[in-house]
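**Student:** Below, each chain spelled out in residue letters.
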Amino acid sequence: MRLDLDLTVDILTNFIKEETEKIGLKNVVLGLSGGIDSALSAALAAKALGGDRVYAYCMPYKLSSDESLKDAIKVAETFKLNFEVIEITDMVDPYFAMMDDISKLRMGNVMARQRMICLFDMSAKVGGLVLGTSNKTELLLGYGTWYGDLASAINPIGDLYKTQVWELSEYLGIPQSVVDKPPTADLWVGQTDEQELGFTYKQADDLLYAMIDERRRISELIRMGFEEEFVKKVADRVRRNQFKRNPVVIAKVSQRTIGRDFRYCRDWGY
Amino acid sequence: MRVHLAQIKPVLGDVEKNAAKHFEIIEHALQQGCEMVVFPELSLTGYYLLDLVYDVAMDESHPVYQKFLEYSKDIAIVFGYVYESKDRLFYNASAFVHRGVTVHQHRKVYLPDYTLFEEGRYFAAGNRIQTFETEFGTTGMLICEDVFHMSSLYILSQSGVQNIIILSNSPARGNLELGHDASNTWQTSNRYMAGVLTVNVIFVNRVGVEDGVSFWGGSEVYDARGRLLANLEMFKEQTACVDIDLENVRRARIETPFLRDEKSFLLRNFLNSERGIK
Numbered sequence: 019m020r021l022d023l024d025l026t027v028d029i030l031t032n033f034i035k036e037e038t039e040k041i042g043l044k045n046v047v048l049g050l051s052g053g054i055d056s057a058l059s060a061a062l063a064a065k066a067l068g069g070d071r072v073y074a075y076c077m078p079y080k081l082s083s084d085e086s087l088k089d090a091i092k093v094a095e096t097f098k099l100n101f102e103v104i105e106i107t108d109m110v111d112p113y114f115a116m117m118d119d120i121s122k123l124r125m126g127n128v129m130a131r132q133r134m135i136c137l138f139d140m141s142a143k144v145g146g147l148v149l150g151t152s153n154k155t156e157l158l159l160g161y162g163t164w165y166g167d168l169a170s171a172i173n174p175i176g177d178l179y180k181t182q183v184w185e186l187s188e189y190l191g192i193p194q195s196v197v198d199k200p201p202t203a204d205l206w207v208g209q210t211d212e213q214e215l216g217f218t219y220k221q222a223d224d225l226l227y228a229m230i231d232e233r234r235r236i237s238e239l240i241r242m243g244f245e246e247e248f249v250k251k252v253a254d255r256v257r258r259n260q261f262k263r264n265p266v267v268i269a270k271v272s273q274r275t276i277g278r279d280f281r282y283c284r285d286w287g288y
Numbered sequence: 002m003r004v005h006l007a008q009i010k011p012v013l014g015d016v017e018k019n020a021a022k023h024f025e026i027i028e029h030a031l032q033q034g035c036e037m038v039v040f041p042e043l044s045l046t047g048y049y050l051l052d053l054v055y056d057v058a059m060d061e062s063h064p065v066y067q068k069f070l071e072y073s074k075d076i077a078i079v080f081g082y083v084y085e086s087k088d089r090l091f092y093n094a095s096a097f098v099h100r101g102v103t104v105h106q107h108r109k110v111y112l113p114d115y116t117l118f119e120e121g122r123y124f125a126a127g128n129r130i131q132t133f134e135t136e137f138g139t140t141g142m143l144i145c146e147d148v149f150h151m152s153s154l155y156i157l158s159q160s161g162v163q164n165i166i167i168l169s170n171s172p173a174r175g176n177l178e179l180g181h182d183a184s185n186t187w188q189t190s191n192r193y194m195a196g197v198l199t200v201n202v203i204f205v206n207r208v209g210v211e212d213g214v215s216f217w218g219g220s221e222v223y224d225a226r227g228r229l230l231a232n233l234e235m236f237k238e239q240t241a242c243v244d245i246d247l248e249n250v251r252r253a254r255i256e257t258p259f260l261r262d263e264k265s266f267l268l269r270n271f272l273n274s275e276r277g278i279k
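Protein chains in written order, with our numbering: chain U, 19 to 288; chain W, 2 to 279.
It is worth saying that the hints were derived from the structure and are not from the lab. These numbers were taken from a predicted model, which means no experiment stands behind them. Ideal Cβ placement from N, Cα and C applies to all residues, glycine included. Be a bit skeptical, because a hint or two may be false.
As the list claims (entries may be wrong) - In silico DSSO-like pairs for lysine-lysine, Cα to Cα no more than 27 Å straight-line:
hint, chain 1, residue 1, chain 2, residue 2
1, U, Lys-40, W, Lys-18
2, W, Lys-87, W, Lys-68
3, U, Lys-44, W, Lys-68
4, W, Lys-18, U, Lys-35
5, U, Lys-98, U, Lys-88
6, W, Lys-68, U, Lys-65
7, U, Lys-65, U, Lys-44
8, W, Lys-22, U, Lys-40
9, W, Lys-237, W, Lys-22
10, U, Lys-122, U, Lys-262
11, U, Lys-44, W, Lys-18
12, W, Lys-87, W, Lys-18
13, W, Lys-237, U, Lys-35
14, U, Lys-44, W, Lys-237
15, U, Lys-35, U, Lys-80
16, U, Lys-40, W, Lys-237
As the list claims (entries may be wrong) - Partial pick of chain U residues on the chain W-facing surface, computed with a CB cut under 8 Å:
hint, residue
17, Val-27
18, Ile-29
19, Glu-95
20, Phe-244
21, Tyr-282
22, Arg-284
Input sequences plus hints: build the corresponding full structure.
**Tutor:** The structure is reproduced here in structure tokens:
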């Protein structure tokens, strides 16, 4: 699963530059959480376009940790990004106040979608494409909010597993505190991804790489030594979350339905 | 022979813009004294056309094609386009034009239709692999996937080919520790083909990104002795003039007379046998 790092950086920076500039835009916009995924997207964008063309926003809620903000600032300084803090507390609290039985999960989703609203608004303000920050592990497991943090125009790291994100981040000189800390969605105090998922990213990536990239069947995975229950749990998660990875499902009526037999690339004419 | 390699990134579905880029490069090649210029597969249209196939298709009567014929008075031009036949079939095609006429048209025979490819959905498959005579010797054109089928290489070789021109749109993928799978396969294949068939190999691959897929470039030329004469960078739009000594074919076929010793009756007997009939 190890990467040819130079080659990967070439592909991803070229991707960001071309997919941004070919449609006539100059800048990119992204949420900088203080975590490693957004740090890597930002670092790649800075390498592709120069930090002055990258607009990074840290969007904490009142319960977000100070560490996250500090790390976001560190990343912005390292890669000389345009950086701003947009606190979302006053945007989402009135809504939470209206919903007396709101769960942690719903609150997390609302916050993720509020951040999406801010990012797309900043996108219109600075004329920048919204850069995705979801990695392949999250996308496969569906560990993200639909139309929240999963929403973006282009995503440079969506084909990299979390372990590859770590590898590439070290290589690009992302601050060590960001690389080393346990991954967290920072939706509530003390939350960590691995605790919530019930397995480590390393375990998930080893399995997903064999299952998805190497196309090994479940029986084969079990023979390789993966625990049957774990294999089935992960395979089921991948299946159940397909809806988050697909475009909207349209009821077919005509001869030519968008997405099914009306098919064009996003890069049509570019 | 002086060949100009045109490793470009076409605009997806915009024939006019792409044609303008071709003409600019052709003029540049002429200034540099090149006798041939080679563009990649679907160079006039871009790759992931999907439903755009029907909008960009053309035949020889198209004004852009006519302009190529005009330019070809002074230089041989190899380019890729979508050909619409009289019976309204659409082909992934390439043309070799020179001295104002189409010397040869190749229609891609092996259309990849798996993983990230869906050419079989949109294109009709060609059914001929042929060599043709040029001022630079007997030549054959193959489009990308065609190369990975022994029948293509065998037929060209047995038809007396001396130069194989490959137009390609190869996407970078399988990017792991030791380079990426696509370039490893192509470089091995190109070198093998040149050395074993004792032919000059001119491989032109596009660059650019379409909907997240990066085409890796790395265009290269091998002479008939399997020596690398030139290779362009990966992922960058680039051109280069390469001199190929056509006498190398003679030298190669004296040093390594694989073609002379090929026993094609073995193949004929096998194909005619029970095991050969599929």
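**Student:** Does Lys-87 (chain W) pair with Lys-68 (chain W) here, judged by a C-alpha cut-off of 27 Å?
**Tutor:** holds, 21 Å
**Student:** For Lys-87 (chain W) and Lys-18 (chain W), compute the direct alpha-carbon distance and say whether it is at most 27 Å.
**Tutor:** holds, 26 Å
**Student:** Using 8 Å as the Cβ threshold, decide whether Phe-244 (chain U) counts as touching chain W.
**Tutor:** violated, 21 Å
**Student:** Is the hinted pair Lys-22 (chain W) and Lys-40 (chain U) satisfied, with a Cα-Cα distance of at most 27 Å?
**Tutor:** Holds - the C-alpha atoms of Lys-40 (chain U) and Lys-22 (chain W) are around 16 Å apart, at most 27 Å.
**Student:** Within a Cα-Cα threshold of 27 Å, do Lys-44 (chain U) and Lys-68 (chain W) meet the stated pairing?
**Tutor:** This hinted pair is violated, its Cα atoms lying about 35 Å apart.
**Student:** For the hint on Glu-95 (chain U), just tell me whether its beta-carbon gets within less than 8 Å of chain W.
**Tutor:** At 30 Å from the nearest chain W Cβ, Glu-95 (chain U) fails the 8 Å test, so the hint is violated.
**Student:** Mind checking the CB of Arg-284 (chain U) against every CB in chain W and telling me if the closest is under 8 Å?
**Tutor:** holds, 5 Å
**Student:** Hint check: Lys-44 (chain U) vs Lys-18 (chain W), CA-CA at most 27 Å. Holds or violated?
**Tutor:** Since the Cα atoms of Lys-44 (chain U) and Lys-18 (chain W) sit roughly 21 Å apart, the hinted pair holds (cutoff 27 Å).
**Student:** Holds or violated: is there a CB of chain W closer than 8 Å to the CB of Ile-29 (chain U)?
**Tutor:** Since chain W brings a Cβ to about 5 Å from Ile-29 (chain U), closer than 8 Å, the hint holds.
**Student:** Hinted pair, alpha-carbon criterion (27 Å max): Lys-68 (chain W), Lys-65 (chain U). Please report holds or violated.
**Tutor:** violated, 41 Å
**Student:** Is the straight-line distance between the alpha-carbon of Lys-237 (chain W) and that of Lys-35 (chain U) 27 Å or less?
**Tutor:** holds, 12 Å
**Student:** Is Lys-122 (chain U) close enough to Lys-262 (chain U), meaning Cα to Cα at most 27 Å?
**Tutor:** holds, 20 Å
Violation of the numbered hints given earlier is confined to hints 3, 6, 15, 17, 19 and 20; the remaining hints are satisfied by the structure.
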